[in-house]
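> Listed here are the chains, written in short residue letters.
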Amino acid sequence: MAADPARPPGSPRAQMPHLRKMERVVVSMQDPDQGVKMRSQRLLVTVIPHAVTGRDVVQWLAQKFCVSEEEALHLGAVLVLHGYIYPLRDPRSLVLRPDETPYRFQECYDRLHKKISHVWDLVLMQAREQLRAAKQRRKGDRLVIAFQEQTYWLVNRPPPGAPSVLEQGPERGSRTASHVHMTKSADFYTREIEYCRRALGRTRVKSSVCLEAYLSFCDQHGPHDPLVSGCLPSNPWISDDDAYWVMNAPTVAAPTKLRVERWGFSFKELLEDPMGRAHFMDFLGKEFSGENLSFWEACEELRYGAQAQVPTLVDAVYQQFLAPGAARWVNIDSRTMERTLEGLRQPHRYVLDAAQLHIYMLMKKDSYPRFLKSDIYRGLLAEAGILLETKRRVFPFTRRPRRSSPSPALLPTPVEPTAASGPAGGDGVA
Amino acid sequence: MAREECKALLDGLNKTTACYHHLVLTVGGSADSQNLRQELQKTRQKAQELAVATCSRLTAVLRDRGLAADERAEFERLWVAFSGCLDLLEADMRRALDLGAAFPLHAPRRPLVCTGVAGASSGVAARALSTRSLRLEAEGDFDVADLRELEREVLQVGEMIDNMEMKVNVPRWTVQARQAPGAELLSTVGAGPSSVVSVEERQGGFDPRKALAAILFAAVLLAAVALAVCVAKLS
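Which chain is which? The protein sequence lines are A and B, in order. Quick note on numbering: the first sequence equals residues 1 to 430 in UniProt numbering. Quick note on numbering: the second sequence equals residues 1 to 235 in UniProt numbering.
Source of the hints: derived by calculation from the structure; they are not laboratory data. Worth double-checking, as some hints may not be accurate.
Taking lysine-lysine and the BS3-like style, the derived pairs with C-alpha atoms no more than 27 Å apart in a straight line are [unchecked claim]:
hint	chain 1	residue 1	chain 2	residue 2
1	B	K42	A	K139
2	A	K135	B	K210
3	A	K268	A	K257
4	A	K139	A	K21
5	B	K7	A	K139
6	A	K206	A	K64
7	A	K115	B	K7
8	A	K135	B	K233
Model the full assembly from the supplied sequences, consistent with the hints where possible.
Encoded structure:
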């Protein structure tokens, strides 16, 4: 039973199966209907709850496993030795007495020892010292304090589902878990005031405005959403035809019309789409303001790139875009430029944020509207093909000319003539 | 030898922490008083001194690269015990702060809980400070200033723990327990089983001591009765 580090590695594994068997026995012993009869033992004044007598244990074991009483006694003694049951009166003797001496169940002592083995010695040391300290008091006080502590831990034990501290690692150095009531000094109050002031100053949008914007967003993006308006040419998950994915790949020579239309919704959409960005770069090249977009891209790379590259990247960006007389000098206003130059002395990944934002707004307000009116864009829009359904038939009376697969968002419609369901059926729709 | 010194310091810290824990349990109860608060302050100051001394010794030893493996293992074991002690001390100090703030002693109507603890705790404090007896007289508003000090000291101990963690890296899983799981129950040295159980033991069943006392009493009573009868006969 000793936790001996010099134990050969084979034996822990050999011990496990029989520990598990013992555990099963102990669990069945605690079963409220069929287990050992638990009583509350009454000593002269106090009542001990949840105790079992040695005799009950032996009888139960003999009955359950149909063995002789001697064997049951031995089995019970093994259980006590391993710490599953402990005697209440005489905690020093690990012997099962087949009489009225009370016993109680507990978590396997061995397991506990293994789990907290690194603090076991400290626990024992502290316990001994605490007992010696307690001896300095009157007996009555000792009793009261001991009961008080027991009740405290009984009340404050974690609820059944809480993670056990023996399974988690100890949270070292996390001082955030403390709820000490510190005195409220002037410092504390100034911080509170600052926080409340900032909270008041947050921009708030009225829900009417907000909801209108939400509705207009849904209206605008509705036809572009494959779940809401079905996807052309056909839903690959249903028809096993991946033309949809091929045609909407990030870099494809001929973007679909829907995609090109989406670039017109907002500048963000345009920049997020790689094809859109490429065409925008071409347009800017024609207008001789391509360095703006290059600068913006370089800043993005800095923000999301590797930490080790940050100093070199900042240097490169400065040399190429920000230094006076640089090859591709970007036009930033003086205040932002001052702040950026100051920040460049201690470069980190967000040091170019102000400049990046300035350039972004410049492009958005200036170049983007011109791009949308430009020939490049109009040409793309005209060229982009509307995706046709596979096996297209012209039926002027079909209610859903564009959809070839049932959209889950639509309500079920009445049965159409078999001619109309022909193309749909042709795609293998169930 | 460094090891003995560290062990002695650690034992002292252990004893003081245990006494402090015991004293904190009665804060806010019926035995609370300014004296108790003063005893608490003295005990925790002693504990802190010991902690600082142990910390510096152990850190100095463990940061020394040229330490033999088994010596290092020994010191690591002491380190783990020491950091556990510090954690307990910090938790007890926080508890004292919470309870002390919740039960102010200088308010006109003292809102103390009637826990039934009546005796003095000077014995425990004397044990903590390793003196024979302790006689303290605290002023009427000792606890107010004491609370502020306590707050500062809690933060100090927290900082000490953090510094300790930074300076020395001791993986706790490498430390194994020295004592077998049931050994403390079989040992006859040191404190016996919990006083609660022993009290129950004495209350239940047939106690030879009680029987002896009863017999003696009966004998004395008989002798007294016999003497009285003789006196009555003679007179």
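> For this structure, which hints from the list above don't hold up?
Numbers 4, 5, 6 and 8, in rising order.
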